[in-house]
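Peer 1: Make the full structure from the sequences, and use the hints.
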Amino acid sequence: MDGTFGKGCHLHLIDGSAFIFRAYHALPPLTRKSDGLPIGAVAGFCNMLQRYVEGNTGPDAPTHVAVIFDHSGKTFRNDLYDQYKANRPPAPEDLRPQFPLTRDATRAFNIACKEVEGFEADDIMATLACQARDAGGRCTIISSDKDLMQLVGGGVEMLDAMKNKRIDRDGVIEKFGVGPERVVDVQALAGDSVDNVPGAPGIGIKTAALLINEYGSLEELLDRAEEIKQPKRRQTLIDKREQIEMSKTLVQLDCNMELDFTIEDLEVLDPDPEVLLAFLAEMEFRTLTKRMADQLGQEAPVIPEASPQAAEVAAPEAVPFDRNAYTCVTSAEELQPWIDQIQQRGWVAVDTETTGLDSMVVDLVGISLCVEPGQACYIPLTHREAAADDLFGSDELAKDQMPLAQALEMLKSVLEDPAIMKIGQNMKYDAKIFARQDIAVAPIDDTMLMSYALNGGKHNHGMDTLSERYLDHTPIPIKPLLGTGKSAITFDKVPVIDAVPYAAEDADITLRLWQLFKPQLHQEKVTTVYETLERPLVPVLTKMEMDGIKVDRDTLSRMSNAFAQKMAGLEDEIYELAGETFNVGSPKQLGEILFGKLELPGGKKGKTGAYATGADILEDLATEHDLPARVLDWRQLSKLKSTYTDALQDHINADTGRVHTSYIQTGANTGRMASSDPNLQNIPVRSEEGRRIREAFIPEEGNVLLSLDYSQIELRILAHIAGIDALKQAFADGIDIHAMTASEMFGVPLDEMTPDIRRQAKGINFGVIYGISGFGLARNLRIPRAEAQGFIDRYFERFPGIRKYMDNTVEFAKEHGYVQTLFGRKIHTPEISAKGPRAGFAKRAAINAPIQGTAADVIRRAMIRMPDAIAHLPARMLLQVHDELLFEVPENAVDDTIATAKSVMENAADPAVHLDVKLIVDAGRGANWAEAH
DNA sequence: GACATCACG
DNA sequence: GACGTACGTGATGTCC
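The opening residue of the first sequence carries number 167 in this note's numbering; numbering runs sequentially from there.
Treat the hints with caution; some may be incorrect.
What the hints assert, rightly or not - Under the rule of at most 25 Å between Cα atoms (straight-line distance), these lysine-lysine pairs were calculated in the DSS-like manner:
1. K173 x K331
2. K770 x K754
3. K240 x K414
4. K754 x K732
5. K691 x K709
6. K331 x K372
7. K805 x K771
8. K199 x K456
9. K372 x K395
10. K341 x K414
The set of hints was computed from the structure by calculation and includes no laboratory data.
Peer 2: Listed below in structure tokens is the structure:
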């Protein structure tokens, strides 16, 4: 061949991006063993190239070939229409680093690799295809993208590599109803929801083809639109003419691009075996390296086995932290480049600074953004002028800040953009702050939750911990900025110059953690946990917290007064019995009275040298003296008053009249959540007196409260996990599970069961869930330790599967350093091999975690599905209390809501896990939480 | 800020 | 054989 492209030549154009995405989705998320680099798509891409090269024989073999890629960033079509491809989600995080590698792979195969800034791969292929055709040669476009079908004809064909199907002129007519030369006309009318090409509303491919065939061309059709009979269609074509014409320019490929290479440069070349094998070996593709080596008749290079530590040692931080490099953004002009960059990348780490910690009350002070490690800015918004003197803070806004509304308006487009990932550390907090500014932040990623999914049980997941542990960097502490105690100031009083490095650094750290954790989720096989149990829960909790629950202040206030009176009466009696006055609330003083002055028996000093005066001890003493019983009563009232009837009133939000708790998604190692400020997961219920506090939790007028709770969920899960047939059968038959246990253990028939025997069996059942010990059971049942041990022995004899589960679980924990829930949540058990009493703790925790954790996962799944399930109902989900969900709903929708929510909860494990034991949910309703429960 | 106590599942 | 112990949380008051 003389090198010129002409008759007898055959150009192959491979749609690189299509190859990449197909490869990515066809393969599991593989990572390179040595360092955890995601390489699944590269592997698939190489396999496809290899198969392609292998198949290049016979009459259709190419003389010239190139792989054409889309250049990242915007194209000229975005200048025509800013919404073009705007609803494309960003490329998956683990795919992005693989883009450049696919270029490397192409070159390693010695195939030309082309992309041009500002153009799509389609345009390059169009230009080359036209050149090939005009030169009298053939061209095959290896792609199934219908946008390329306009190029078919005159020697140009397409090849769907997956189906190994050639698409010629007839194939195009089959697909579009028109020939290749009219494909753009049809596309202009039909539009494309994937690429966000608007087209003519209401007209699809079928109708479009009909019209084009009737009128001959789009231009003719639009000029003669008045003639169309169907009134709606006619009006659309007249009204939307401009939009349709613009659509045509979007779908019309550019055949006349200026290229800095010619077809001749694309001549087929044999790969250099050394280069290709080196690349494949570097990627650590063992099978493919060997296969290619065999094919090329070469010795396969040796790929070293990865050392287990290698992945962990891989440097997490290439860019050093530089607090002076952060930018302070004070105007729209300065903010715009940041927004441009965010849009280009498709992600941003965000952090808000506020005047306090209560997200339902505080004001927004500033926002920090970070787009890549080291590149962060802070946007001060409502910092206050430094006080003229120390006594009076000024209310004047500090100078050089951009107006809050302007900044929010600019950021809103980014924060609500479905194609831009917003990354935060504890994003729920920031989401609430933004929600109060009418900005619905989505989608989000959360480094705190990633750490929880990855490292639950190892450490807490606060930013300081994570930064120090994983970035080896200590963040600027907030204390010196705000001060402590009475002289503490809020963040708006912090001088902007001090706020910038602090705030921007937080966003910087968050972005670095995100880049670090993201690939680890795959490596540690907790992507599903993160994606199905953590991330989707954030918007659900955000809404629950913002909705809050109505609490009646008067009810609480009246109770407080009643408690105070009773306490005063008890105090008088206590002083009388003690023979002196003292602080009843001081365990230390009480101990001295009981065991010193009154010389009651059983005085045991704890590690601090003080007598223990816990409820169990006082209960024992109650037989000896009247005083302990009075103290117990006093303590109960004191607890109810201080923690509940008093404190709860302070938590009623002035604006909403409701109480807004905050859930801590990473609060418990097992997967349970915690509730704080206030804790609404420990509102009294066990004592009659305490239970009345729930009467203050009420629905809005015309509504009722609904309580739905799982019945015996942990025991059911234990029956499933440990595979205890007798337990499963009892649940299936709806038998009282504690009575059944008692019957099995003590040989008492069910119809002769006494409450006391049942109570003991109940204690054992709970003990089993907690990792039973003779001592613990003895204390709980108040029986001698030997007797308790006897119970346990008998229980294990009767249910040997339970002991097996316990042994296996502890064994698993020792081997792997973690235990797992049925849904794959890992709970790490770093102390499992500790010596001394800690070993016992760790063992029991390891036994309990899969049970408690699985139950927690189940209700999380229910909560995540609940908003969609009840969307058609006027119901709101307000609270979660571990195995209970509380709803507020208008009276007329009560039955529907119960039926719907109950079904969601009972089926929450499906389809991920099929439980051998059915989950049962009990429902209650009422005019307050006491009635509903 | 540690500790003891006690509210919940 | 002794250690010490039921699992998971958060809020409050005392005391140093």
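Peer 1: Is the hinted pair K341 and K414 satisfied, with a Cα-Cα distance of at most 25 Å?
Peer 2: With Cα atoms ~18 Å apart, K341 and K414 stay inside 25 Å; holds.
Peer 1: If you draw a straight line from the CA of K770 to the CA of K754, is it 25 Å or shorter?
Peer 2: 12 Å, holds
Peer 1: Quick one, are K240 and K414 close enough, alpha carbons at most 25 Å?
Peer 2: 19 Å, holds
Peer 1: Sort out whether K331 lies within 25 Å of K173, counting only the CA atoms.
Peer 2: With a Cα-Cα distance of about 24 Å, the restraint between K173 and K331 holds, given a limit of 25 Å.
Peer 1: Given the hint that K805 pairs with K771, test it: the Cα-Cα distance must not exceed 25 Å.
Peer 2: 24 Å, holds
Peer 1: Is K372 within 25 Å of K395, Cα to Cα?
Peer 2: Status holds; Cα separation ~17 Å.
Peer 1: Verify the proposed pairing of K331 with K372, using a straight-line Cα cut of 25 Å.
Peer 2: Distance of about 23 Å is within 25 Å: holds.
Peer 1: Straight-line Cα separation of K199 and K456 no greater than 25 Å?
Peer 2: 17 Å, holds
Peer 1: Check the hint pairing K754 with K732 against an upper bound of 25 Å on the C-alpha distance.
Peer 2: Answer holds: K754 to K732 is near 23 Å, not above 25 Å.
Peer 1: With a cut-off of 25 Å on the C-alpha distance, tell me whether K691 and K709 pass.
Peer 2: Not satisfied, since the Cα-Cα distance of roughly 29 Å exceeds 25 Å.
Against the hints set out earlier in the document, a violation occurs for number 5 only.
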